[in-house]
Every structure is written in C-alpha cells, then in structure tokens.
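The whole structure should be built from the sequences, with the hints applied where relevant.
There are 2 protein chains.
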Amino acid sequence: MNKTLESAEIIAVGTELLLGQIANTNAQYLSTELAGLGLNVFRHTAVGDNPARIREALEAAAERADLLIVTGGLGPTQDDVTREVTAEFLGETVEMDAAGLEKIEAFFRERGLTMAESNRRQALTIRRSDTLPNDTGMAVGSAYAGERCALILLPGPPRELRPMFARYAVPWLRQRLPDMQPLYSRMLRFAGIGESSLEKQLLDLIEGQQDPTLAPYAKEGEVTVRVTTRAANEQEAEEKLAPLLREIRKRVGDHLYAETDIPLEQAVAELLLARGERLAAAESCTGGKLSDLLTGVPGSSSVFAGSVVCYTNAVKQRLLQVPADWLEPAPGPEQADTAEPPYGAVSARTAERLAEQAAALMEADWALALTGAAGPDPAEGHPPGTVYIALARRGERASAQKLLLTGDRDMIKLKACKHALFFLWKRLVKGVNSL
Amino acid sequence: MNKTLESAEIIAVGTELLLGQIANTNAQYLSTELAGLGLNVFRHTAVGDNPARIREALEAAAERADLLIVTGGLGPTQDDVTREVTAEFLGETVEMDAAGLEKIEAFFRERGLTMAESNRRQALTIRRSDTLPNDTGMAVGSAYAGERCALILLPGPPRELRPMFARYAVPWLRQRLPDMQPLYSRMLRFAGIGESSLEKQLLDLIEGQQDPTLAPYAKEGEVTVRVTTRAANEQEAEEKLAPLLREIRKRVGDHLYAETDIPLEQAVAELLLARGERLAAAESCTGGKLSDLLTGVPGSSSVFAGSVVCYTNAVKQRLLQVPADWLEPAPGPEQADTAEPPYGAVSARTAERLAEQAAALMEADWALALTGAAGPDPAEGHPPGTVYIALARRGERASAQKLLLTGDRDMIKLKACKHALFFLWKRLVKGVNSL
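Residue numbers (the UniProt record's numbering), protein chains in the order written: chain W, 1 to 435; chain D, 1 to 435.
Calculated directly from the structure, the hints in this document are not laboratory data. In this text the structure is predicted, and so the values were computed from the model without any measurement.
Remember, identical chains collapse to one label, so a pair may be satisfied in a single copy or spanning two.
The calculated lysine-lysine pairs, modelled on BS3-like cross-linking and capped at a C-alpha distance of 25 angstroms, are:
#, residue 1, residue 2
1, Lys-402, Lys-103
2, Lys-103, Lys-200
3, Lys-250, Lys-240
4, Lys-426, Lys-219
5, Lys-250, Lys-219
6, Lys-250, Lys-426
7, Lys-402, Lys-426
8, Lys-402, Lys-430
Here's what the structure looks like:
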C-alpha cells in the first residue's frame with residue numbers, strides 16, 4: 001500500500017474497560033502521540049473481548065479512518081481473541097513470529113520453568129504484517145499496511161504498549177505519513193481568569209481560525225490555549241504564529257503566565273529560583289494544598305521553605321501570633337473588612353498577619369496566606385468560596401485580596417491556591433500588588 | 001416509555017479527549033456504577049465536538065443499546081454543541097430550565113458580577129426530559145425516556161458529573177431497570193497493601209466467582225473490593241454475602257479499614273471525632289499532602305489542628321526543635337537507623353522528633369510526621385521512595401516505620417500519606433504500634 005495516512009481511530013479491546021476496572025489511558029497516550037505526528041484522531045472506541053463486537057468496531061472505523069490502532073487482548077488466554085479477529089477482518093491469517101517465540105521460550109528455559117502451551121500464542125502475528133517487538137513483555141505487536149486501511153496491533157498493558165509504540169510503531173508510521181510540513185504548537189497558560197471569560201475575549205479569533213488554529217481548554221483551576229500551524233521549520237513557524245500570539249497577548253496578556261506548558265506553581269518556583277528567593281506559606285482554608293502543589297515541583301526545596309497549616313484559631317495564635325481579640329467571633333461577616341477587631345479568622349487583617357508572620361517565622365523572602373470558607377458550610381457567616389489571600393514581603397506590610405470562588409470544597413481550595421500563586425507571580429513579574 | 005433498560009453505551013464528546021489532553025475517566029466511573037446497577041455496558045465511544053460525528057455515534061449506539069449516556073460539551077461556549085445535537089437526534093428541541101437559569105443568575109447577582117449571555121446556555125435542557133440538577137457547577141443535565149432509547153446527558157467535568165449521576169441519574173434509572181431482584185453491594189476498603197498482592201491472596205475467589213461476585217480495583221493509593229449479590233431484601237443479601245465477607249476478612253482483614261466506601265482520611269477523622277481527639281502533623285517529603293487529604297473531609301476542623309510543612313532543615317530546627325547536629329550531613333544513608341547522630345533529615349529519629357514536637361506545639365492528642373525522598377532524585381543518599389513515618393501520642397515517645405515506596409513523585413507522596421494514616425488507624429483501632 002502506498003496510501004498515505006492522515007486520519008486514525010483507536011479501538012481498545014477489553015471487558016475490564018467496560019466494567020470500569022481500568023481507565024483507557026492508552027487512548028490518551030496514543031492520541032497525544034498521533035497528534036504530534038500530525039494525524040487526526042476521529043474517534044476512540046472500547047469494546048469487550050467479544051469477536052462480533054470487535055469486528056463491528058473494526059468495520060465501522062475502517063469506513064472513516066486511514067489507520068486503526070487496536071489495543072489489548074493479545075495475552076495468552078482464551079479470552080484474548082483480538083489477533084485472530086483482526087487478521088480475519090484484514091483477510092489474513094495469523095502466523096508464528098519466530099523471533100517472538102524464541103524470546104518466550106528462552107524466558108522459560110533460562111528460569112527453569114515449564115512453558116504452558118498457551119504462552120506460544122503471544123508470539124502470533126498477522127500474516128504479511130511487520131512484527132513490532134515487545135521489549136518489556138511477551139506479546140508481539142503487528143503493523144499491517146492493507147488496501148482498506150493500515151492497522152497497528154498493540155498489547156494492552158501501558159508499560160508494554162508505550163515502548164512498543166514509541167520504538168517500533170512510530171518509525172513505521174513516519175514512512176507512511178503524507179509529505180506535509182510538520183506541526184508546530186505553542187501552549188499559552190493563563191491564571192486568574194475562567195475559561196468562558198477568556199474564550200469570550202478571543203471569540204472572533206476562535207470562530208475565524210484557519211491557519212494557525214487555536215484551542216482553549218480548562219485544566220484544574222487554570223486555562224490553556226494551544227496555537228498550532230504547519231511550517232517548513234521552526235523559524236517559519238515562529239513567523240506564522242507571531243501575529244496571532246501578539247493579538248492574544250494584547251487581549252488577555254494580563255493573565256498569561258507562561259508560553260510553555262507548565263503549571264503555575266512551576267512558573268512561580270522557576271521565578272523564585274532565578275531570583276534566589278524563598279517562599280513560605282500559612283494556610284487555613286486550603287489546608288496544605290498550596291504546599292502540596294509547590295512541593296509537587298521537583299527541586300522545589302530550593303525555593304519553598306515550608307508552611308504552617310493553621311486549621312484552628314489556637315494554632316493561628318500560638319504559631320503565627322494572630323492576636324486573640326482579632327479572632328473572637330465577629331458580630332457579622334461585614335466586620336472582616338473593617339478597621340476594628342474582632343475581624344474573625346476569615347478576614348483581610350488576619351490573612352495579612354498570617355502572611356507577615358509566616359515570612360518572619362520561616363525566614364522567607366515572601367509569604368502567602370489563605371483563610372476562608374472552603375465549604376460546604378459557611379464560616380463565620382461567610383458563604384463557601386469566600387477566601388482572603390495575602391502576600392507579604394519579609395519585613396513589610398502584607399496586602400490582602402478577597403476572592404469569591406465557586407465549586408465544591410476541593411475546587412475552592414484549588415482555585416484559592418492558584419489565585420494566591422498568581423498574586424505572587426504578578427508581584428514578581430509585573431511589580432503590581434493586586435490580582 | 002415503559003421499556004426496561006438492560007444495556008448501555010457511553011458516548012463522550014470532546015476534542016480534548018481525541019487530542020489526548022485528558023483521559024476518559026468518566027467512562028470508567030460510569031461503567032463501574034452501571035455495573036453496580038446490573039446494566040451491561042457494550043461500548044465506550046469518544047468523539048470530537050463535531051455535530052455530524054456526535055450524531056453518527058448516537059445513531060449507531062441506539063441500534064445496540066437501551067440506554068445512551070452522553071458526557072461533555074454542555075459548557076457555555078460555541079464549541080459546546082452536545083445538547084442541541086442530542087435533542088435533534090431524539091426528535092426534540094432544547095428549552096430553558098427555569099430553576100437552572102435562576103441558579104446561574106443568582107450566582108452572578110449575589111457576587112455583583114455581570115453575566116455573559118453565553119452562560120444562559122448552561123441552563124438549557126432537552127424538551128420533555130427530566131432535568132438533572134448540578135450541585136457542583138452550572139450546566140444542568142437531562143434524563144430522557146424515548147421510544148428508541150433512553151438517554152442521559154451529563155456535564156464533562158468529573159466533579160460535576162459524579163454527584164449529578166449519583167444523586168439524580170441513579171434514582172431515575174432505578175425506576176426503569178428490569179423487575180429483577182435488586183443488587184446489594186458492600187465496599188471493602190483496604191490500606192497498606194497493593195492491588196496485585198491483595199488480588200493474589202483472593203485469586204481463587206475471583207476466578208471462581210458466581211453469586212456473589214467480587215471485583216477488586218485500585219484507587220489512588222488504596223485498594224477497594226466490591227462484593228455484590230441479587231437478593232429479595234437487605235436481610236437475604238446479608239445472609240448471601242456473609243460467607244464470602246468472612247473469607248475475605250480471614251485472608252486480608254489486617255488491611256481492611258472500612259466496610260463502607262470512604263477514603264482512609266475520612267475513616268481516621270471519624271475515629272478521632274468519636275474519641276474527641278485531635279491530630280497534628282509535621283510534613284517534610286509529603287509537603288502538605290497529608291494535611292490536604294485530611295482537610296478535604298468536611299468538618300475536619302474538629303479533629304485536625306494543623307501541620308508544619310517543614311521543607312527545609314532550618315524550619316525543622318526552628319519550628320520543631322530538631323537538634324542541628326541530628327540534621328548534619330550523615331556519613332551515609334545507613335546512619336539513618338543508628339543510635340548516634342548525625343542521622344540526617346531522612347531518618348527514624350528525625351521523624352520521631354518531628355512527630356513529638358508537632359503534638360506538643362499544636363496541643364494535639366496525636367501527631368504524624370513524614371520525612372523521606374519523594375524523588376526524582378535521591379535525598380541524603382536514600383533512593384526515591386524511602387520514607388520514614390512516625391506517630392506520637394502527646395507526651396509520649398514516638399515510634400517510626402521505614403517505607404520503601406514505588407511510583408512517581410506525586411504517587412510516592414500519596415502512598416506515604418496513606419501509610420501514615422493507616423499507622424494511626426491501627427493504633428486507634430487495634431492498639432498496635434506498627435504497620
């Protein structure tokens with residue numbers, strides 16, 4: 001077959017997927033890789049270990065796409081029928097791959113084990129296909145260039161599928177891709193803005209897109225925009241993308257924290273590292289999540305000193321010296337923004353004091369503090385989602401911002417952390433002291 | 001429609017799935033839930049935000065299954081076409097859900113924000129369907145009992161989809177299931193044991209299962225086993241399940257912390273609440289994750305005092321009084337388990353001191369401490385995954401355990417936290433001071 005490949009579908013075989021025992025992470029992995037090769041993925045399908053249903057899925061997919069990637073059902077047991085059904089669909093038979101069989105036999109021989117006859121099945125491949133070796137397991141894969149479609153057969157376990165695909169299927173595919181220019185993408189990452197608000201400001205660009213294309217999507221508490229073009233080389237891509245990138249920066253640049261695909265906590269950690277500075281935190285309503293995010297960045301111990309998770313007023317008083325009379329029950333939530341105590345724990349003044357004390361106590365250059373109502377119940381009369389965040393530079397007065405966030409308890413905690421990180425980011429990059 | 005439902009397919013809509021930006025975890029969640037209801041899931045499909053492709057998937061699925069569950073594409077933007085395409089497929093139109101709209105408007109009104117017109121779209125539902133309220137977001141869902149098939153429309157974000165399905169779609173479905181004896185399930189939750197190790201000890205039960213059935217699966221850092229039977233009533237189910245439950249408890253009961261579906265942090269919080277006791281923590285390598293897990297449990301402020309995230313040795317010294325000479329670079333990792341300092345930060349003695357000090361400082365009845373190497377690099381010569389956890393009762397000497405964990409940075413942090421919680425759980429429930 002000399003047909004070039006432009007579109008693909010992924011068919012996963014396995015009753016365990018339909019029972020919910022595992023998630024189809026293979027489809028995600030393969031989709032990312034195929035997008036990188038410039039192939040359009042039209043559909044993911046998962047069916048059980050059932051010959052008729054597998055066949056039906058293969059027939060339908062071959063009507064739509066040039067390339068079918070079929071995963072799973074290559075094991076040694078009676079349930080594992082994918083190889084035979086696929087061969088039949090292609091009008092072929094299965095045959096033993098000599099190198100694959102020798103490898104399986106050697107495995108048992110070297111360990112002094114008796115090989116069950118069923119293990120031989122894992123060396124079966126589709127006649128007239130190219131065998132894809134399995135460096136991390138037994139079952140071989142196949143790559144078949146047929147009249148109707150091309151087809152790649154891969155084992156289900158991700159630790160076998162991924163190396164097989166990357167090492168053997170990708171080179172096979174590259175020879176069959178259209179002689180097109182490669183794709184170049186840029187990822188723009190935004191904070192402090194919701195997906196729908198960002199999209200509204202870019203709506204005409206999204207609706208009118210041709211080349212370059214752009215696609216916004218929401219990740220946990222953040223928004224990402226991907227812009228993509230085809231070009232002969234990196235420099236030409238740069239030139240083609242530049243006007244669109246300029247326009248996006250002009251419209252929503254206030255919220256743009258990175259032009260690479262990194263989470264906000266990593267962007268902040270990198271800034272601090274470059275400045276040789278260290279951050280501390282005091283967390284009430286977020287309960288350690290800000291620290292967890294920051295310490296998820298490898299190497300963060302150089303820039304993050306630590307945090308006091310002050311989940312009770314007693315800890316706020318003892319460890320962070322918030323005056324007891326500030327924390328006494330306030331007459332109402334409106335007291336949180338006044339000049340006289342008691343402000344309550346959920347207040348601008350308490351957040352500021354927590355940040356100032358965290359910086360001093362942990363000898364950090366900067367400190368962030370968060371206090372509020374994560375829900376589901378109100379706190380001190382404040383509805384869930386009310387959060388005060390404060391940023392302090394060591395030895396200076398802190399300043400606080402009030403947030404009104406939506407979502408469940410965990411989402412409110414996450415959004416509060418992302419806003420706090422963005423508060424610091426803006427101070428470090430733009431020199432402003434507000435969100 | 002009075003047709004009863006026996007089979008289902010799940011159709012996910014979202015170009016982000018086909019680009020590999022997210023995994024289709026909704027299909028996994030829904031499959032597990034549908035299996036629990038006794039419905040057979042025939043197929044999962046994922047298509048892009050493309051009206052023709054969505055329609056094609058709906059038409060084909062309706063030929064095979066009684067119930068279609070369609071997820072994603074209910075947001076406010078132009079891309080979000082699922083509602084309209086689905087309504088057209090059913091021969092219906094969309095109409096505004098008054099309660100849903102009022103909720104969206106109230107949200108903006110209460111916060112003094114201007115509502116974009118596009119936000120109204122999220123209150124659109126399918127004509128003649130039952131609206132499924134969204135307790136954790138804006139977009140309403142729909143449940144439609146049609147001639148060709150029943151159809152349930154759910155929002156894409158898991159934190160919206162899951163509560164909507166569990167609270168509103170499940171009761172709707174239960175009324176339409178065949179007149180069989182209902183299913184009764186028990187969830188057994190395990191900690192301190194891996195999935196494959198647990199499965200190995202239950203292998204003959206899993207392979208020989210008929211009625212009751214049992215299915216183990218791994219959740220984040222924990223393992224769950226679901227046992228299910230059909231019975232006329234709760235008492236009969238109890239009797240049918242009892243022998244299998246007894247056998248499971250006999251084999252792996254040492255790791256069984258709950259016979260209801262709650263995470264370990266909630267089980268620990270409930271124990272502490274019943275005892276009127278409070279927990280504190282000192283976290284080095286887990287960087288706040290233990291606190292984040294515990295404060296994810298609503299009401300945890302009654303049982304969790306707080307935590308010192310001591311990410312540097314300076315914070316360990318200053319806030320938690322670990323002697324400086326303990327923390328000096330040790331001659332080798334083996335020094336961590338000896339009687340003479342320097343032990344290093346990653347050591348049993350340091351973990352014990354951190355726990356003892358955390359309990360004292362935050363006036364808590366119990367404290368957990370964690371210190372180790374989360375990876376990707378070794379710490380003080382200890383390979384990634386080496387973690388010391390310590391448990392202290394206030395005023396008493398702490399005791400430590402050494403863990404050797406596998407996984408990436410985030411998984412090591414998570415597993416360490418779960419082991420620490422299980423350490424406390426065993427002390428509280430079994431009175432033993434070891435894992």
